[in-house]
Amino acid sequence: MNFEGYSVEEIGKFIKARRRQVKVTQRQLAMTANTGLRFISELERGKPTCQIGKVLIVLQTLGIKIILAIRDGK
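Numbering-wise, this note's numbering puts 60 at position 46 of the sequence shown, and it's gapless, one number per residue.
In short, the hints are calculated from the structure, not lab data. Ideal Cβ positions, reconstructed from N, Cα and C, are used throughout, including at glycine. Hints may be right or wrong, so weigh each one.
Said to hold, decoys possible - For each label pair, taking beta carbons as the anchor points, the in silico distance ranges come out as:
#1 Ile84 / Leu51: 28 to 38 Å
#2 Arg41 / Asp86: 37 to 47 Å
#3 Asn16 / Gln40: 31 to 41 Å
#4 Ser21 / Gln74: 34 to 44 Å
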């Protein structure tokens with residue numbers, strides 16, 4: 015399962031898909047990542063003001079590695 019995109023909404027959808035793939039509820043993810051249920055819900059909906067530190071913890075909890083790359087032609 016790979017992701018390539020630029021919007022917060024796309025990132026949220028990817029996180030939600032991965033959470034479902036590993037069969038974890040939002041509540042379970044929130045507890046494991048030491049965040050609130052509201053944060054997970056907002057993150058999956060693509061809220062643009064989510065704290066990056068918490069986002070990184072959630073990604074790590076779900077086993078998602080981040081790779082940053084420069085877009086072609088930039």
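Do the hints match the structure? See the list:
1. Judged by the Cβ atoms, the range 28 to 38 Å given for Ile84 and Leu51 holds: they are separated by roughly 36 Å.
2. A beta carbon spacing of about 40 Å between Arg41 and Asp86 agrees with the range 37 to 47 Å that was offered as a hint.
3. Separation of Asn16 from Gln40 is about 23 Å and departs from the stated range, judged on CB atoms against 31 to 41 Å.
4. In this structure, Ser21 and Gln74 break the distance hint of 34 to 44 Å, their C-beta atoms being roughly 21 Å apart.
The structure shown violates the earlier hints numbered 3 and 4.
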